[in-house]
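Colleague: Given the sequences, and given the hints that come with them, work out the whole structure.
From first to last, the protein sequence lines are chains A, B and C. Letter 215 of the first sequence, counting from 1, is numbered 215 in the UniProt record's numbering, and no numbers are missing. Letter 50 of the second sequence, counting from 1, is numbered 50 in the UniProt record's numbering, and no numbers are missing. Letter 7 of the third sequence, counting from 1, is numbered 7 in the UniProt record's numbering, and no numbers are missing.
It is possible that some hints are incorrect.
Claimed, not checked - Below, in silico cross-link-like pairs of lysine-lysine (DSSO-like), each with a Cα-Cα straight-line distance of 27 angstroms or less:
1) Lys427(C) <-> Lys40(B)
2) Lys98(C) <-> Lys347(C)
3) Lys427(C) <-> Lys136(A)
4) Lys86(A) <-> Lys358(C)
5) Lys429(A) <-> Lys465(A)
6) Lys136(A) <-> Lys347(C)
What the hints assert, rightly or not - From the structure, some residues in chain B lie toward chain A, with a derived Cβ separation under 10 angstroms:
7) Thr46
8) Gly48
9) Ile58
10) Asp61
11) Leu64
12) Arg65
13) Glu68
14) Ile70
15) Ser72
16) Glu73
17) Ser83
18) Arg89
19) Leu93
20) Val94
21) Pro95
22) Lys96
Hints listed in this document are in silico derivations from the structure and should not be mistaken for laboratory results. Note that beta-carbon positions come from the ideal geometry of N, C-alpha and C, so glycine has one too.
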Amino acid sequence: MSKNKLVQGYEVVIGFETHAQLSTQSKIFSRAPTAFGAEPNTQACAVDLALPGTLPVMNKGAVERAIEFGLAIGSHISPKSIFARKNYFYPDLPKGYQISQFEIPVVVGGEVEFFLGDEKKTVRLVRAHLEEDAGKSLHEDFIGQSGIDLNRAGTPLLEIVTEPDIRSSDEAVAYAKELHKIVTWIGICDGNMQEGSFRCDANVSVRRPGEPLGTRREIKNLNSFKFMQQAIDYEVRWQIEQIEDGHAIQQATVLFDPDTGETRAMRTKEDAADYRYFPDPDLPPLVIADEWVQRVKAAMTELPRTMAARFVADYGLPEYDATTLTQSKAMAAYFEAAAKACGQAKLVSNWVMGEVSRRLNSSEASIETAPVSATQLAALITRIADGTISNNAAKQVFEVLWSGEATEVDAVIEAKGLKQMNDSGALEKIIDEVIAANADNVAQYKAGKEKAFNALVGQIMKASKGKANPGQVNELLKQKLA
Amino acid sequence: MALTPQDIGRIANLARLELQPAESERMLTQLNGFFDIVEKMRAVDTTGLEPLAHPVAIIQDVALRLREDIASEPNQREANQQSAPAVERGLFLVPKVIE
Amino acid sequence: MTTPASSDLHDLSVAELARQLRDRQVSAVEAATHFLGRIQAAPQWGAFVALNEEATLAQARAADERLSRGEALALDGVPIAHKDIFVTKNFASTAGSKMLDGYRSPFDATVVTRLADAGAVTLGKLNCDEFAMGSANENSAVAPLGFDAPAPVRNPWASDRVPGGSSGGSAAAVAARLAPAATGTDTGGSIRQPASFCGITGIKPTYGRASRYGMVAFASSLDQAGPMARSAEDCALLLSAMCGPDPDRDSTSLDLPAENFARGLNDSIDGLRIGIPAEFFGDGLAPDVRAAVDAALKEYEKLGAKLVPIALPRTELSIPVYYIIAPAEASSNLSRFDGVKFGHRAKDYGDLTDMYKKTRAEGFGDEVKRRIMIGAYVLSHGYYDAYYLQAQKIRRMIADDFQQAFKSCDVIAGPVAPTVAWKLGEKSADPVANYLADIFTLPGSLAGLPGMSLPAGFGEGGLPVGLQLIGNYFSEAKLLNAAHRFQQATDFHLRRPEGI
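Modeller: Rendered as structure tokens:
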């Protein structure tokens, strides 16, 4: 357990609540579509609008996704969980209550592991429960009024709640990114933060080390990693100032304003505290047989953590490489395809994390659209491995392939004449000439100056227009100067 | 245990009901009259008993039925909004929501 | 085609009317027209709140076409009416509340659809207590046909008496021969008690038998739909059409295939063990009701049934338990009535909260407000365990008591209500008095058991007295069989109020 870094002598304590919209076709309790961006209220059916006489019917797809998530982070799947009503009045809440899970959630426990720099961190989860999303209030275009769009009402959500295990804004962002990776990797959520598919609330408090937990304030709807960091940093500074000025922190829900970079307390609903939870009499208990859990498990894709471990074991990659390459499914697939094709895993890893990533980042492209295919990269690396071309030459070939001028590795090597000179006759001739022309270097070397030797190698490489194989040059030169 | 006028105010607010003073008084009397007959229920020893949600669960397991994830509800906005008090451009209008 | 003197059409049972329709002795249009005429001629009962002649006759014509092709459905052409707690496309759906004044539902309740699919023709919608909360039908905020202000439903046996509730309009309509049969809903006795007060037959099936989709929800864990007609046989015919799983629409509907509940109507009841709960025959029971019920039980003994004493020790507790659970669920179910998506919205208001409070203050009647208040209170912070949770646990005890009782009997019999129908306004000032009068119907409701009321005789002022039969889960057919055999031996269910 590494010691936590303090801010002005205060320990930062953060817990997360993340609302992940589940990638189902239909809503959690109705058959209306969940697609984003439709005309207002065209995807809100009678059930979503809570028209008199309507009743909820549970979507199996939502439960399946909750099970997948639980399995992905090593949680306990409750064999029997209960849906409850959270009662409060709000225009975007059509029934006057939200159907959620209160006492017994579907997913219990589990943990999320990730690297913060090279330090491995673990955040424990309290629970993840199924619930329905609310609609949206639109405040623009109506004087003194708001317009209510209930298309989003009833969209299935998985609310993922952590223990207060996070100790800095960096760690918070790293956790959120890892969680985002997991839900998108297993495909239960599209992860689109702009559209609100992945919304984070951060419970932030500060305390003197060793003291009991301080009063927390909840920052709502952090829908970008950048804002997440800014908001938490601001909130931490603000809370410390308050305490330093002798003010006690009041529990509150706050919003982050990206323009001012500040957080501000929301207007508190005076009775928000009393939600009058009770089991929803319209919904019998959700029963999940172990046999179902096993079926889901069998059908699940390999998880990033498992895949990274496999890369270390099967390809002998360092853990750092393995973790980096499993940041996305596509990158991992690209690496594995190339590695299999050329049998040079570490070289491929270097190229994917280096040249390939660099060019993708600069063009903000994703690896799926990389102009150089895994097969092409494999062909190129084969040529480095068998000594046909040097690393520098390979970079030139890569450049050509990337630009799209040519597609066939060997053809490019030919065209550009980048083959390394491997017939020693021609090379010896060059070496002899260089030795003759640089008697002083030779003398210095013989006098024990290593640098002089490198100078000669440089001359020889130059004379060979870079085609000489450096290893071979060293060897022959040593013989001749012996 | 009797309710106070404060209780009536708190509950009426929770339930979003505007009660005139006279109504509140009547409500207080009537609710207290009702809670008198509730007292003997509170004395019953129910330790170790599970609450009964779906009545038939007394003789057989009642589990939530799950439906396949298929989106099949067509857009019926017009029919669904035919009894709406205030609609503009397909949106339900309400007094400004302040967050 | 020979038309019978239409005057006796309304005396025919559903079974007989269905037969005459099949035999083309009468057409569906004639039948519908006849009853629509009677309804318009007898507004004084305040039973109906909505008609749609066009829609009714269209359904009747469709039935006649099927009948003429010899493709008769089970209830083809039989006119019925629906309690206005069921939402309907062709008629306004108000649930007896100002909150839903003129509300049009874009869909039909499942029960309404099932009956239509069986060929039944809908005459109109029937008055009821607001959101089915009441036992006298004095809580309706809707003006019945022929009235321009809300007016009470009157008991056809004595127009100064209540018809019972909350399905009072249904009971009055059937008793006054304005419809051969009607639908009702029963949460704490709302089918059985009005059936008893109006001298007709009604059955509430096992909770989960009939879909609740399209029933404006009062108390989700208690609400059940059921038929109200003059005889057990007619109830069996309607119930068979009404029940069946609704997997796409109601998660609490049970996976039980539709049944023909008429199958065993004529089975012998020789040796039937009828449980008699001592708690149903205490001091609270009016002598005239007791006399009629005792006589009915003697009749059963003549038919070969054996009376066995049983105990339902928590009968009295069922009153607080029910009046905690039902209002709790109701307070939440009625939160959707907020003036945003449908229904009433106050004219003048300030901010959003003010709009909510005024809208709900104007839209809900006193009894509904009382129950919302009780419900919100027993669910609120610090009271949930002591009230709601405690009530749900005692509810289990009550259900267990019945299972214990059914070890020694096949059905349970007793009074439906402690008294005959009371005078209009007699109890309206005292809500608790109304609650106490539900004592005999609440235990079965809390346990989710099937129960029915059948005419058993007459009490004070010649007012009808009902006998309640309670069966174990899924034993509707047995209840109807026991009721039918009784009705074969008696004629109480055939008696008509004076002047009808």
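Colleague: Evaluate each hint against the coordinates.
Modeller: Hints and how they fare:
1. Lys427(C) <-> Lys40(B): 24 angstroms, holds
2. Lys98(C) <-> Lys347(C): OK: Lys98(C) and Lys347(C) at ~14 angstroms, within 27 angstroms.
3. Lys427(C) <-> Lys136(A): 46 angstroms, violated
4. Lys86(A) <-> Lys358(C): Roughly 23 angstroms separates the two Cα atoms, so the pair holds.
5. Lys429(A) <-> Lys465(A): 14 angstroms, holds
6. Lys136(A) <-> Lys347(C): OK: Lys136(A) and Lys347(C) at ~25 angstroms, within 27 angstroms.
7. Thr46: Hint violated; Thr46(B) Cβ to chain A Cβ min 16 angstroms, cut 10 angstroms.
8. Gly48: Nearest chain A Cβ about 17 angstroms off; hint violated.
9. Ile58: Nearest chain A Cβ about 13 angstroms off; hint violated.
10. Asp61: Holds, about 8 angstroms.
11. Leu64: 5 angstroms, holds
12. Arg65: 7 angstroms, holds
13. Glu68: Holds. Min distance 6 angstroms.
14. Ile70: 6 angstroms, holds
15. Ser72: It holds, given that the least Cβ distance between Ser72(B) and chain A is near 5 angstroms, below 10 angstroms.
16. Glu73: Given a least distance of 4 angstroms, the restraint on Glu73(B) holds.
17. Ser83: At about 9 angstroms, which falls below the 10 angstroms cut-off, the nearest Cβ of chain A leaves the hint on Ser83(B) intact, so it holds.
18. Arg89: 7 angstroms, holds
19. Leu93: Result: holds, 5 angstroms to nearest chain A Cβ.
20. Val94: With a closest approach of 5 angstroms, the Val94(B) hint holds.
21. Pro95: It holds, given that the least Cβ distance between Pro95(B) and chain A is near 6 angstroms, below 10 angstroms.
22. Lys96: 5 angstroms, holds
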